[in-house]
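Novice: Those protein sequences? They're chains A and B, same order as listed.
1 is the number of the first residue of the first sequence in this note's numbering; add one for each residue after it.
1 is the number of the first residue of the second sequence in this note's numbering; add one for each residue after it.
Keep in mind that the hints were calculated from the coordinates and are not lab data.
We put the beta carbon where it would ideally sit given N, CA and C, even for glycine.
Incorrect hints may have been included.
As the list claims (entries may be wrong) - Restricting the straight-line Cα-Cα distance to at most 20 Å, the calculated cross-link-like pairs of lysine to aspartate or glutamate (DMTMM-like) are:
(1) Lys375(A) to Asp45(B)
(2) Lys56(B) to Asp341(A)
(3) Lys56(B) to Asp484(A)
(4) Lys464(A) to Asp45(B)
(5) Lys38(B) to Asp482(A)
(6) Lys375(A) to Asp90(A)
(7) Lys38(B) to Asp266(A)
(8) Lys474(A) to Asp152(B)
(9) Lys56(B) to Asp477(A)
(10) Lys474(A) to Asp484(A)
(11) Lys377(A) to Asp90(A)
(12) Lys212(A) to Asp341(A)
(13) Lys446(A) to Asp227(B)
(14) Lys481(A) to Asp45(B)
(15) Lys446(A) to Glu275(A)
(16) Lys462(A) to Asp45(B)
(17) Lys360(A) to Asp266(A)
(18) Lys489(A) to Glu155(A)
(19) Lys335(A) to Asp484(A)
Unchecked claim - Not the full set, but computed from the structure, chain A residues with beta-carbon under 8 Å of chain B:
(20) Asn110
(21) Val111
(22) Gln115
(23) Phe125
(24) Asn129
(25) Gln152
(26) Gly244
(27) Gly303
(28) Ala305
(29) Thr308
(30) Thr310
(31) Lys446
(32) Leu453
(33) Glu457
(34) Lys462
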Amino acid sequence: MLDKKRFSRRTFIKGSVMIGGAAALAACGAPATTAPTAAPAATSAPAATTAPAAAKLDLPFPVDPAAMDPFKLDVKVPVDGQFFSGGFGDEYIRYAAKIEEMIHPGLKVNVTALQKVQETLQPRFVSGNPPDVIDNSGAGQFKTVDLVNQGQLLELTELFEAPALDTPGKKFKDTLFPGSQVAGVVFNGKQYGVNVAYTVSGIWWSKTLADKNGWKYPATWDDMLAFCDQIKKGGKYAPWTYQGKYPYYMSGIVWEQLLYKAGGNDVVLKIDNLEPNAWKDPAALRATEAMYALYDKGYIMPGTAGLTHTEAQAEWLKNKAVFLPCGTWLENEMKTVTPADFNMVMNGVPGFADGKGDQKGIFANGGEPYVVPAKAKNTKGGLEYLRCILSKSSAKWFAENVSSMMPVIGATEGAKISDGMKSALAVVQNAGSAIIDVEVGNYYSKIETELELHTGELLTGKLKPADFLDTMQKVADGVAKDPDIPKQKHVI
Amino acid sequence: MKYGQRSFIFTFLFIPVVIYVIFVAIPYVTSMAVSFTKWRGLTMDLPFNGVNNFVKLFNDPNFWNALGHNAIALVVLPPVIITMALIFAFLFTQGIRGSGFFRITFFFPQVMSAIIVGVLWSFIYHPTLGMLNGLLGLLGITSLQNFPWLGDPSTVFGAILVVTVWQAVGFYMVLFITGMETIPSHFYEAARLDGANSFMMFTRITIPMLWEAIRTAIVFLALGAMDMYAIVMIMTNGSGGPSRGADVVPRYMVEAAFTNGEWGYATAMAVVLMLIILALSILSLRFTRRETLEY
Numbered sequence: 001m002l003d004k005k006r007f008s009r010r011t012f013i014k015g016s017v018m019i020g021g022a023a024a025l026a027a028c029g030a031p032a033t034t035a036p037t038a039a040p041a042a043t044s045a046p047a048a049t050t051a052p053a054a055a056k057l058d059l060p061f062p063v064d065p066a067a068m069d070p071f072k073l074d075v076k077v078p079v080d081g082q083f084f085s086g087g088f089g090d091e092y093i094r095y096a097a098k099i100e101e102m103i104h105p106g107l108k109v110n111v112t113a114l115q116k117v118q119e120t121l122q123p124r125f126v127s128g129n130p131p132d133v134i135d136n137s138g139a140g141q142f143k144t145v146d147l148v149n150q151g152q153l154l155e156l157t158e159l160f161e162a163p164a165l166d167t168p169g170k171k172f173k174d175t176l177f178p179g180s181q182v183a184g185v186v187f188n189g190k191q192y193g194v195n196v197a198y199t200v201s202g203i204w205w206s207k208t209l210a211d212k213n214g215w216k217y218p219a220t221w222d223d224m225l226a227f228c229d230q231i232k233k234g235g236k237y238a239p240w241t242y243q244g245k246y247p248y249y250m251s252g253i254v255w256e257q258l259l260y261k262a263g264g265n266d267v268v269l270k271i272d273n274l275e276p277n278a279w280k281d282p283a284a285l286r287a288t289e290a291m292y293a294l295y296d297k298g299y300i301m302p303g304t305a306g307l308t309h310t311e312a313q314a315e316w317l318k319n320k321a322v323f324l325p326c327g328t329w330l331e332n333e334m335k336t337v338t339p340a341d342f343n344m345v346m347n348g349v350p351g352f353a354d355g356k357g358d359q360k361g362i363f364a365n366g367g368e369p370y371v372v373p374a375k376a377k378n379t380k381g382g383l384e385y386l387r388c389i390l391s392k393s394s395a396k397w398f399a400e401n402v403s404s405m406m407p408v409i410g411a412t413e414g415a416k417i418s419d420g421m422k423s424a425l426a427v428v429q430n431a432g433s434a435i436i437d438v439e440v441g442n443y444y445s446k447i448e449t450e451l452e453l454h455t456g457e458l459l460t461g462k463l464k465p466a467d468f469l470d471t472m473q474k475v476a477d478g479v480a481k482d483p484d485i486p487k488q489k490h491v492i
Numbered sequence: 001m002k003y004g005q006r007s008f009i010f011t012f013l014f015i016p017v018v019i020y021v022i023f024v025a026i027p028y029v030t031s032m033a034v035s036f037t038k039w040r041g042l043t044m045d046l047p048f049n050g051v052n053n054f055v056k057l058f059n060d061p062n063f064w065n066a067l068g069h070n071a072i073a074l075v076v077l078p079p080v081i082i083t084m085a086l087i088f089a090f091l092f093t094q095g096i097r098g099s100g101f102f103r104i105t106f107f108f109p110q111v112m113s114a115i116i117v118g119v120l121w122s123f124i125y126h127p128t129l130g131m132l133n134g135l136l137g138l139l140g141i142t143s144l145q146n147f148p149w150l151g152d153p154s155t156v157f158g159a160i161l162v163v164t165v166w167q168a169v170g171f172y173m174v175l176f177i178t179g180m181e182t183i184p185s186h187f188y189e190a191a192r193l194d195g196a197n198s199f200m201m202f203t204r205i206t207i208p209m210l211w212e213a214i215r216t217a218i219v220f221l222a223l224g225a226m227d228m229y230a231i232v233m234i235m236t237n238g239s240g241g242p243s244r245g246a247d248v249v250p251r252y253m254v255e256a257a258f259t260n261g262e263w264g265y266a267t268a269m270a271v272v273l274m275l276i277i278l279a280l281s282i283l284s285l286r287f288t289r290r291e292t293l294e295y
């Protein structure tokens, strides 16, 4: 899986939560996140009272009669579900399948856990026999945009307008966190997937270390640089590290948020929509120079470029560096190697006092995209599965057993949430409606690949900010001109 | 009798030929057809694209970059590996004490899969914990402290070539040892009576007598140099980089297909690579042909 490519990194970062973590784990064979599998359905305390799969309709939660069967399922046709199984394990997938079977007595929901989604399922698409629902995540995932461009995915309006399973009186779409169902699942304004896991991506540090030294998290990027200078002069820690061999953590988490904070949605949309000279926008230069300063002033931990994501994160856990960009999957991913006194918390990316974007903005979106193939035999069964997996009951099970979140409103009330997740939710709360959404990498794989590659060069001093933007402008122009690449339109 | 013999041969050949046709010949021919299309890999829709894929390939700097690395491997690997393997084979057939141990030790990397070798060496090259920087530190070379061997485009491919040499030398050493042991010892005795020293015996007797084995090694290594997929994927975490600094054609092909969804284009790349390999094997067989000695 190093075959990273693995993965659509972008979706991973941006959106996809743990997939990354998962892929990563699979890559290193460090099963840091076996927790989910270690807690089989039966042990899940609250849900377990009712979980045993009885064929009779004694449901674990009340369901409105109107919400019982919005898609008019034919229970004789089994549902064929093919799911990526990574950092989250597959117990939560089976839990949702059980809910679906309970609601529709007689229905059989077949769950197959996969590693390499594309390799395994591509022949089925080619032969016109795709499964009914897919967790399209992990290192070997399909590029969702490719599936969309080839007309292979069902548009999910029917699902989004359907009544929610266990939130009475609400439509499915109204039970999900605002902003969580956009990144990587909406193309040309149409909904082609749901993000089942909720991720927030920002900059992490150790609260313990900060308290010990009396540090305060910098409010603006200028403060960040001044603070880094102070740390560097102290000589005890390097100010920054990042997931060296995967520079997209820097481009996808730091650069894109800086871009928004410098230029607001104007510049984001220009870049997403491949407008001429979008990358030459002064805001893009400002964001790039801000990130480049970390290298230029020597704030990045020596050797970072040669480390994998988990290696860099491990160095960070040893307090070799103070700051690390990552998403909320970080905690789970590093669980087995996190020292007891390392209290990791997430902060937003500091912006600019005079920036055009909302300076409280944050990447907070969904990941682990699930899709329903348009040519599946039982698309209704697939839609119903998605309604079940994003039910409150399933989300609660997920929070308690996988220690991650689904983007379902009210599902974690009373559930235990980790400190890292709490800190991330505080950042989201503070951001209000300013959820940043940069899609260019989700739309165009080539831009994603090149952006990562040149970010790596920028952070090792092989490219200067102006050359970086020139190069990216050329890449974007090439994509814009290429008639083989279908174009997307991003509207906010 | 003759008829019986024929049907005997026919039965023996039939199954392998059928398997070969189904699993090798047909896919090859199909991929040649696919390389002229704009196949996106998800449906059976194969829009004809003329020679556009090949034109695009010719103008794609990433392809030339990847091919360039294969070419470097082609120039570097066969001579280095064969020379080292010959030296070791010669040393370990001289009755030196412990040569059995060294033979096994040197052969050992060959037994490990490319994955394991790649992961092991990634640790050796690790900037802070790695053995290489540790050793350099012990030698007092502090300027390379924390140097990311696999994180710098100028060193990453060299670092990978070293690993490839390390893994391959043992196998060819064993191949040559086997060859050397079949050379009749009276050749050497006669040479020694005529006053030849060890070096002359090595160049005048051993190498000519081993030529068939060396030739095999050249062909194998040349073909291997055009591949390098597994080790590059592992050691660059699939990126072929940083900055595509260690990219090879098979890896770039996978990027074109799986990341960019350009299956037709990737197939065109595969066809070009196949033609190059075909030409290479013909050339290397031609140019290494010599009279073999019967004894």
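Novice: Please go over all the hints and tell whether each is borne out by the structure.
Specialist: Hints, one by one, checked against the model:
With a C-alpha separation of about 15 Å, the suggested pair Lys375(A) and Asp45(B) falls inside the 20 Å cut-off, and the hint holds. For the hint linking Lys56(B) to Asp341(A), the alpha-carbon distance of about 55 Å lies beyond 20 Å, and the restraint is violated. Distance check on the hinted pair: Lys56(B) and Asp484(A) sit about 12 Å apart at the alpha-carbon level, within 20 Å; holds. Only pairs whose Cα atoms come within 20 Å are accepted, and Lys464(A) paired with Asp45(B) is rejected, the gap being roughly 43 Å.
With a C-alpha separation of about 13 Å, the suggested pair Lys38(B) and Asp482(A) falls inside the 20 Å cut-off, and the hint holds. Of the pairs offered as hints, the one joining Lys375(A) and Asp90(A) is violated, with about 25 Å between alpha carbons and a cut-off of 20 Å exceeded. Between Lys38(B) and Asp266(A) the CA atoms are separated by roughly 35 Å; this puts the pair beyond 20 Å, and the hint is violated. For a cut-off of 20 Å, the pair hint linking Lys474(A) to Asp152(B) is broken: about 24 Å separates their Cα positions.
Distance check on the hinted pair: Lys56(B) and Asp477(A) sit about 16 Å apart at the alpha-carbon level, within 20 Å; holds. The suggested pairing of Lys474(A) with Asp484(A) holds, with an alpha-carbon distance near 17 Å, which does not exceed 20 Å. For the given pair, Lys377(A) sits about 23 Å from Asp90(A) by alpha-carbon distance, which is inconsistent with the 20 Å threshold. This hinted pair checks out: Lys212(A) and Asp341(A) have alpha carbons roughly 11 Å apart, not beyond 20 Å.
The hinted pair formed by Lys446(A) and Asp227(B) fails the criterion: a straight-line CA distance of about 24 Å is larger than 20 Å. Pair hint Lys481(A) plus Asp45(B) does not hold up; C-alpha atoms about 23 Å apart against a cutoff of 20 Å. About 16 Å separates the Cα atoms of Lys446(A) and Glu275(A), which keeps this hinted pair within 20 Å; it holds. A C-alpha spacing of about 42 Å is found between Lys462(A) and Asp45(B), which places the hinted pair above 20 Å, so the restraint is violated.
Taking the CA atoms of Lys360(A) and Asp266(A), the gap is near 17 Å; set against the 20 Å cutoff, the hint holds. The straight-line distance between the Cα atoms of Lys489(A) and Glu155(A) is roughly 17 Å, inside the 20 Å bound, and the hint therefore holds. Between the alpha carbons of Lys335(A) and Asp484(A) the distance comes to roughly 44 Å, so the proposed pair goes past 20 Å and is violated. The beta carbon of Asn110(A) is not positioned within 8 Å of any beta carbon in chain B (closest approach about 23 Å), and the interface hint is therefore violated.
Look at Val111(A): its Cβ only gets to about 23 Å from chain B, farther than 8 Å, so that hint breaks. Because the smallest distance between the Cβ of Gln115(A) and any Cβ of chain B comes to about 14 Å, over 8 Å, the interface hint for this residue is violated. Evaluation of the Phe125(A) hint against chain B yields a held restraint, the C-beta minimum of about 5 Å falling below 8 Å. At its closest, the beta carbon of Asn129(A) sits 12 Å from a beta carbon of chain B; the interface hint therefore is violated under the 8 Å criterion.
Interface restraint check for Gln152(A): the shortest CB-CB distance to chain B comes to about 6 Å, inside 8 Å, so the restraint holds. The criterion of a C-beta within 8 Å of any C-beta in chain B is met by Gly244(A), whose closest approach is roughly 6 Å, and the hint holds. Of the supplied interface hints, the one on Gly303(A) holds, with its beta-carbon coming within about 3 Å of a beta-carbon of chain B, less than 8 Å. Among the interface hints, the one on Ala305(A) holds; its C-beta lies about 3 Å from the nearest C-beta in chain B, closer than the 8 Å criterion.
A distance limit of 8 Å between C-beta atoms decides the matter here; for Thr308(A) the minimum to chain B is near 6 Å, and the interface restraint holds. At its closest, the beta carbon of Thr310(A) sits 11 Å from a beta carbon of chain B; the interface hint therefore is violated under the 8 Å criterion. Given hint, Lys446(A) at the interface with chain B, holds; its Cβ is 6 Å from that chain's nearest Cβ, closer than 8 Å. With its C-beta approaching chain B no nearer than about 6 Å, Leu453(A) sits inside the 8 Å limit, and its interface hint holds.
Residue-level restraint check for Glu457(A) holds (minimum Cβ-Cβ distance to chain B is 6 Å; threshold 8 Å). Contact between Lys462(A) and chain B, as hinted, is supported at the beta carbon level, the nearest pair being about 7 Å apart and thus within 8 Å.
In the structure shown, a violation is registered for the earlier hints numbered 2, 4, 6, 7, 8, 11, 13, 14, 16, 19, 20, 21, 22, 24 and 30, in ascending order.
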